[in-house]
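The listed protein sequences correspond, in order, to chains A, B and C. Per the numbering used here: the first sequence = residues 1 to 244. Per the numbering used here: the second sequence = residues 1 to 263. Per the numbering used here: the third sequence = residues 1 to 258.
Hints listed in this document are in silico derivations from the structure and should not be mistaken for laboratory results. Any given hint could be a false lead.
What the hints assert, rightly or not - What follows is a list of derived Cβ distance ranges for each label pair:
#1 C/K228 to B/I10: 52 to 60 Å
#2 C/I40 to B/I10: 57 to 65 Å
#3 B/N250 to C/F141: 32 to 40 Å
#4 C/A71 to B/R251: 50 to 58 Å
#5 C/L256 to B/E252: 26 to 34 Å
#6 B/A260 to A/H197: 57 to 65 Å
#7 B/G21 to A/H197: 57 to 65 Å
#8 A/T140 to C/R37: 17 to 25 Å
#9 A/T140 to C/W29: 27 to 35 Å
#10 B/F201 to C/T51: 34 to 42 Å
#11 B/V105 to C/K228: 33 to 41 Å
In this text, all values refer to a predicted model and were calculated from it rather than measured experimentally. We treat Cβ as the ideally placed atom computed from N, Cα and C, and that holds for glycine.
The lines below spell out each chain.
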Amino acid sequence: MSDINETEFALEVRDVSRTFGARKALNKVSFDLPKGAFLSIFGPNGAGKTTLLRTLSTLTQPSRGSSAKVLGYDVVKDAVELREHIGIISHNSLLYPDLTAQENLEFFAELYCIEHEQERIDELLTAVGLKHRSLDLVRTFSRGMTQRLSIARALLADPEIIFLDEPYSGLDPHAMDILDQLIAQIRDRHTFVMVSHDLEKGLELCSHALILAKGQVVLFKERKDIDKEEFNKVYRETVGLGVS
Amino acid sequence: MKGERVKKPIKIAIILMLVGGLLTTAAFLMAFNTAEVQTFGTVNLTKAQAAASNTVFEVAPANLQPIDGTINYLRPWFSQKIFYFHVPFAEASFLIFTVAAFFAVMFLSKRRKSFDTKSRIAMEVAFLFVVATMITGDLWTRASWGMWWDWEPRLTTYLIMMLLMLVYFVLRNSIEDEERRAMYASVFCIIAWIDAPISFFITRIIPSQHPVVFKSGMATSNLVPFIVAQVGMIMIGYAIYTLRVGEEQNRERLEIIKEAIEN
Amino acid sequence: MARELDYVMTKKPKSEPEQKSGSLNISGWRQFKAILRKDIVIELRTKEMITSMGLYALLVLVIYYIALSNAGSNFETQRIAAGLLFLAIVFTSMLGLNRSLVHEVDQGCLEALLLSPIDRPIIFFGKAVGNLIFLLIVEVFVTPLFYFIFLSSAKMQNSGPVWMVAIALVVGSIGIAGVGTLLATMSVNTKGKDFMLSVMFIPIMFPLLLAVVAAASQAIMGDPGYVKVFWQMIAAATAYDALMIGASFALYEFILEA
């Protein structure tokens with residue numbers, strides 16, 4: 001346990017598979033991601049992107065023979081501790097509509113057993129620009145506001161790695177801008193892993209890109225090594241592969 | 001994966017099926033021919049005793065005939081014969097249910113799909129036997145008490161068990177995702193397995209008008225067909241199970257081949 | 001906003017910033033309280049569960065009236081009273097159990113819960129205790145109403161003390177809430193939802209219901225020797241609760257994983 005955090009890698013994925021009977025959702029996926037990087041995962045529907053994200057965020061366990069370490073923590077053995085350092089932003093709001101913004105954040109703060117939670121909640125609400133609505137029910141929020149609150153929730157425990165599951169889906173351009181800004185602010189000290197169908201956005205933001213198809217890694221490159229046209233070609237081919 | 005080894009269990013299964021069938025038939029014949037017509041559970045009670053303690057001994061109100069102040073209860077011939085099958089069916093079904101629960105536990109700990117498949121098939125076979133239990137049990141109550149149904153403890157428990165198994169299949173049907181289906185089904189199988197014996201005990205101890213059937217021993221010549229039937233039935237159960245497992249495995253292999261061709 | 005978020009991110013939320021793994025001081029009790037409190041606040045605000053459960057229970061009472069309306073004035077209602085009462089509670093509780101889980105699945109909140117450093121059993125207890133509280137609240141309203149409507153004219157001279165019936169209700173409710181939470185968490189993820197819950201619920205609850213109805217019946221009827229039988233039944237029901245809730249607790253994490 002002693003040298004868990006000494007790793008320079010945010011993700012160390014080795015032969016991660018997820019099989020059930022004959023079906024292989026993930027098939028020997030391997031790659032490494034250094035800390036502070038921004039990984040965009042692309043791929044057709046059913047390629048295993050969400051499964052990979054769920055496995056890395058400890059929601060599901062990989063099959064035997066897999067090894068995955070996030071921030072040096074093993075996703076199976078050190079799952080509980082790992083969760084303290086994970087934040088997630090999804091296309092679902094992950095918020096309770098019948099609670100106020102304040103109450104939602106209080107609830108999650110309690111779950112993470114955060115000290116001095118009131119201060120932190122206030123700071124975050126102010127930072128995402130929702131302080132004036134803190135006593136309103138989330139049910140009354142617009143999609144963009146919900147997403148902002150969602151970000152506040154994700155950042156409550158100051159996670160080192162943030163998973164984004166199609167965060168832009170359903171957002172209008174204004175809300176997308178705000179999300180972009182917020183991500184840009186916290187870009188520095190955090191690692192990001194994003195699943196997105198938006199090729200432009202994903203490439204723009206990322207430092208590393210991964211294409212998955214049928215549960216396997218088709219391409220994994222650093223952004224600087226990517227030739228846009230070649231990438232487009234591979235992407236179109238893979239998306240073509242997925243349609244059957 | 002398994003290849004040649006699959007053939008052997010199937011051969012064994014077929015043999016067992018035949019042997020089991022033979023044994024059960026033999027038991028059937030023995031039951032009707034060689035076993036003595038025992039006045040099963042003949043009990044001599046004074047009338048007062050009979051009235052007060054109807055939860056201990058078999059009492060069929062319609063058949064009580066006071067003789068010199070005591071009551072002799074003679075079981076009718078046919079219903080006793082049914083008993084030779086009813087109880088073995090019942091015991092075999094619970095045994096197979098236990099096997100299903102065992103595989104469910106194995107699945108939850110190892111997450112291999114084959115365990116879930118085995119659990120499901122065991123449940124199917126157990127269900128078959130439970131239905132057989134219910135049918136024979138129903139015939140028995142008809143023959144002994146003259147009614148088609150009675151909420152007596154064993155029958156009630158088996159009704160509940162049958163319902164639990166039906167629910168198991170309904171549950172499986174209502175989940176699309178394969179892994180979730182296997183997980184939920186395994187959990188339900190285990191909970192149901194714990195519930196069945198509890199049902200049995202509680203139905204026995206609640207105060208009610210219905211008597212608890214209490215076995216009071218059998219003569220040796222009766223024991224033989226009983227045991228023969230029991231063994232025969234377990235063999236049949238195992239045989240059906242194995243054949244089905246083989247069938248499932250073949251089907252899965254077919255799926256794998258299909259997918260491989262499509263790629 | 002730019003500067004604010006950046007500023008916020010440089011401040012550590014933990015009180016001892018130098019701790020490494022396990023740096024948050026995780027308290028299961030705090031998490032449990034949070035879940036319970038959240039459910040209660042949501043319920044107080046929307047009053048969804050309690051109103052629908054209460055209304056449903058009343059409707060069931062009306063149906064009872066219809067069923068008994070032609071039974072004649074000599075009909076001894078107290079013989080079946082325990083059964084009727086518990087029947088109303090069973091149906092009402094199935095309604096409530098499902099609703100409490102729907103909240104979680106709605107916006108994917110259950111996943112957010114699962115991603116936090118919480119032990120799965122705490123989620124189970126948080127939800128189960130919440131369900132129990134709501135069930136007890138509904139019972140507090142429905143039971144006196146039931147007595148008033150159906151048992152006031154019945155011959156209740158021999159009847160045992162009311163607190164015995166209360167005990168039967170509580171022991172039964174504990175079992176219903178505990179095992180029901182497990183079953184509801186499963187059923188909310190299936191195609192059938194409500195139907196699936198009721199169909200799983202009844203065979204599994206069967207022995208518990210038999211025992212508590214028997215106990216309550218003894219207390220209501222007050223036949224000679226009822227005290228002993230009452231406690232026997234309560235013992236059986238408690239055994240059920242202990243075993244089945246233990247099993248539900250152990251199996252809950254598997255349900256959450258899927």
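Going down the list of hints, with the structure as the test:
In this structure, C/K228 and B/I10 meet the distance hint of 52 to 60 Å, their C-beta atoms being roughly 57 Å apart. For C/I40 paired with B/I10, a C-beta distance near 59 Å keeps the hint of 57 to 65 Å intact. Checked against the given bound of 32 to 40 Å, the beta carbons of B/N250 and C/F141, roughly 59 Å apart, lie outside it. Hint check: C/A71 to B/R251, Cβ distance near 56 Å, so the stated range 50 to 58 Å holds.
For C/L256 paired with B/E252, a C-beta distance near 28 Å keeps the hint of 26 to 34 Å intact. Restraint check, B/A260 to A/H197: a C-beta distance of roughly 29 Å breaks the suggested window 57 to 65 Å. As the Cβ distance of B/G21 to A/H197 is approximately 60 Å, the hint placing it in 57 to 65 Å holds. Hint check: A/T140 to C/R37, Cβ distance near 22 Å, so the stated range 17 to 25 Å holds.
In this structure, A/T140 and C/W29 meet the distance hint of 27 to 35 Å, their C-beta atoms being roughly 33 Å apart. Taking the beta carbon of each, B/F201 and C/T51 are about 39 Å apart, inside 34 to 42 Å as hinted. With their beta carbons about 38 Å apart, B/V105 and C/K228 fall inside the hinted range of 33 to 41 Å.
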